[in-house]
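Working from the sequences, and respecting the hints, build out all of it.
Quick note, the sequences are listed as chains A and B, same order.
Numbering of the first sequence is given in numbering that gives the first Met the number 0, commencing with residue 0 and proceeding in unit increments.
Numbering of the second sequence is given in numbering that gives the first Met the number 0, commencing with residue 0 and proceeding in unit increments.
The set of hints was computed from the structure by calculation and includes no laboratory data.
It should be emphasised that the depicted structure is a prediction, and the values quoted were computed from it without experimental measurement.
A few of these clues could be false.
Said to hold, decoys possible - What follows is a set of in silico ranges between Cβ atoms, one per label pair, in the way DEER data are often shown: (1) B:I26 - A:Q113: 23 to 33 angstroms; (2) B:G220 - A:L31: 28 to 38 angstroms; (3) B:F192 - A:L94: 51 to 61 angstroms; (4) A:L31 - B:A134: 37 to 47 angstroms; (5) B:A134 - A:I62: 23 to 33 angstroms; (6) B:R178 - A:L20: 19 to 29 angstroms; (7) B:I130 - A:L112: 50 to 60 angstroms; (8) B:L108 - A:P111: 30 to 40 angstroms; (9) B:S43 - A:L151: 12 to 22 angstroms; (10) A:Q113 - B:V102: 16 to 26 angstroms; (11) A:L20 - B:R37: 50 to 60 angstroms; (12) B:I26 - A:D143: 13 to 23 angstroms.
All residues carry an ideal CB built from backbone N, CA and C; glycine is no exception.
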Amino acid sequence: MTLLQKLIPKNHQLIVAIPWLWLAIFFVLPFLFILKISLSEPQLAMPPYQDWIREFEDGLLTITLNFGNYQLMFEDDLYLQALLGSLKVAGISTLLCILTGYPIAYAITRAPLQFRMPFLMLIILPFWTSFLLRVYAWIGILKDNGLLNQLLMSTGIIDSPLQILHTPAAVYIGVVYSYLPFFVLPLYATLVRLDDTLLEAAADLGARPLRQFLTITLPQSVPGIAAGAMLVFIPVMGEFVIPDLLGGPGTLMLGKLLWTEFFNNKDWPVASSLAAILLVILIVPFVLLRHFEQKASEEER
Amino acid sequence: MRDFISRNPLLFVFLIAGYAFLYLPIISLIVYSFNESRLVTVWSGFSTKWYGELMNNGPLLNAAWLSVKIGALNATIAVILGTLAALALVRFRKSRGHGTLGVMVTAPLVMPEIIIGLSLLLFFIALEDLIGWPAGRGQTTILIAHATFSMAYVTVIVQSRLAHMDPSIEEAALDLGARPARVFFTITLPMIFPALAAGWLLAFTLSLDDLVIASFVSGPGSTTLPMVVYSSVRLGVSPQINALASLIIALVSIAVLVASVIMYRSEKVRQDA
Chain A
0 MTLLQKLIPK NHQLIVAIPW LWLAIFFVLP FLFILKISLS EPQLAMPPYQ DWIREFEDGL
60 LTITLNFGNY QLMFEDDLYL QALLGSLKVA GISTLLCILT GYPIAYAITR APLQFRMPFL
120 MLIILPFWTS FLLRVYAWIG ILKDNGLLNQ LLMSTGIIDS PLQILHTPAA VYIGVVYSYL
180 PFFVLPLYAT LVRLDDTLLE AAADLGARPL RQFLTITLPQ SVPGIAAGAM LVFIPVMGEF
240 VIPDLLGGPG TLMLGKLLWT EFFNNKDWPV ASSLAAILLV ILIVPFVLLR HFEQKASEEE
300 R
Chain B
0 MRDFISRNPL LFVFLIAGYA FLYLPIISLI VYSFNESRLV TVWSGFSTKW YGELMNNGPL
60 LNAAWLSVKI GALNATIAVI LGTLAALALV RFRKSRGHGT LGVMVTAPLV MPEIIIGLSL
120 LLFFIALEDL IGWPAGRGQT TILIAHATFS MAYVTVIVQS RLAHMDPSIE EAALDLGARP
180 ARVFFTITLP MIFPALAAGW LLAFTLSLDD LVIASFVSGP GSTTLPMVVY SSVRLGVSPQ
240 INALASLIIA LVSIAVLVAS VIMYRSEKVR QDA
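This is how it looks when you write it as structure tokens:
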């Protein structure tokens, strides 16, 4: 496409510049305001924070930075608990997604060619319907007189209803349910590109299917697993809707705490500090995601 | 297919179990929207009364209309921005800003909504302070916020279509003396049209579905559908919400079906050609 590039230098700069500027202004720049507000003091007004820079009557400018919000994060156990809660939920549900998503992605790649696209579409399809409403569906299934308890009781497996809704188990179910497609898609893309000749060679040399899988397919699919895992882990770290609707008082997570600080306590500086900390934590997994995505797409070329 | 099942019975079981897990909750939503009882999960007879009540729920209908308006506008903006970004990423690898654009386009896909929402709200307030725009928060701010994350999804879809497109057709047109703009509108655009349609649809549903970001950047008088649904759901299950969910699922299924037929046909035309 060098020809196209030479012919329209102006347009081509514009093509890069328009989305670049949009994202720089409305996505990157706003992060700076999180940092700014996280260093300010709360006040009872709208907006409920004080500016660092204040001009007094005699024209004197003062800058007051307030690190108290960050100090609070380390002193109050609540914030540490929320961080650990988020890490735990994100970690365990990522693992659960790997365990349930891998067999699904692998099965689709093994299916006959003409069935692969429909099978894949069936994985993506739920993603197009409302996330909020799909999480809502689980309330009806998991609550005390919900479908699952009705089913278990009518088959005589249990005598009294199990409390599942408002427990960590409900959060894990909700997260795996909502984020499974994000894991399956990149993994499928990696698996489907794997070279079959290696497997054939291994088979010719007498390796059993399980050994073939463990020594050839699994190691080669690591970039896909890693990219998919990060696509689950990163957003779940800040998830609000699932712990709020399915979790109970015991499920403390950063996203939910941030929401409470912001909307209920109207403490914008503390909410901003939480967001800043979450942002810093997510840098490492994000770099990993970029790394594995590029690795996967390089193999394609 | 039969061969696949007999050779890999375990894999097939996994696949079926996976689909059951994904679809049973959705099916249960639809089934119980026709339940007579208010108790949602206790079946007491067939009824469509909840659909009737839904149609008389004024605040919900207003919110739904606002969400549809924002969703359609958002999808249009997102398709334009996302297509430009995809062109920039696939076609102009050596141009300035290519690397940063790639990072900036991936980040909104995974960034927790709560961070996007909070940061944009703080930004809008500071901006209003500085230049007087946007005046207050409402439809415009929701639209900007939605377009920002939706365009990332559109970019991914269009990018993969562009990357798998045969460049020789465009090159041939250029060799024959067509101007680049003409090549884009008569060759590139029709070829990536299915991706644009899919992207538009996805951006529309993402916007229609967003609770967290809209809650941060909306203002008085701009309550979107997910915000109404959320405040109702917090109080417990409600058959009206089941009815609403069924309607949305029906609409999305029809839209996706139409989109796949379009894609299938254009794919066929491409293969036949």
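We went through each hint and held it up to the structure:
Here the CB-CB span from B:I26 to A:Q113 is close to 26 angstroms, well matched to the stated 23 to 33 angstroms. For the hinted restraint 28 to 38 angstroms between B:G220 and A:L31, the CB-CB distance of approximately 29 angstroms keeps it satisfied. Here the CB-CB span from B:F192 to A:L94 is close to 40 angstroms, at odds with the stated 51 to 61 angstroms. In this structure, A:L31 and B:A134 break the distance hint of 37 to 47 angstroms, their C-beta atoms being roughly 22 angstroms apart.
Roughly 29 angstroms separates the CB atoms of B:A134 and A:I62, a value that falls within the hinted 23 to 33 angstroms. Distance hint check for B:R178 and A:L20: the Cβ-Cβ separation is about 26 angstroms, which falls inside the suggested range of 19 to 29 angstroms. Roughly 56 angstroms separates the CB atoms of B:I130 and A:L112, a value that falls within the hinted 50 to 60 angstroms. Between B:L108 and A:P111, the C-beta spacing of about 31 angstroms keeps the proposed range 30 to 40 angstroms intact.
With their beta carbons about 21 angstroms apart, B:S43 and A:L151 fall inside the hinted range of 12 to 22 angstroms. Between A:Q113 and B:V102 the C-beta distance comes to about 37 angstroms, which lies outside the given range of 16 to 26 angstroms. Checked against the hint of 50 to 60 angstroms, the pair A:L20 and B:R37 passes, with Cβ atoms roughly 52 angstroms apart. A hinted range of 13 to 23 angstroms for the beta carbons of B:I26 and A:D143 is consistent with their spacing of about 21 angstroms.
Violated hints, listed in ascending order, are 3, 4, 10; each of the other numbered hints is respected by the structure.
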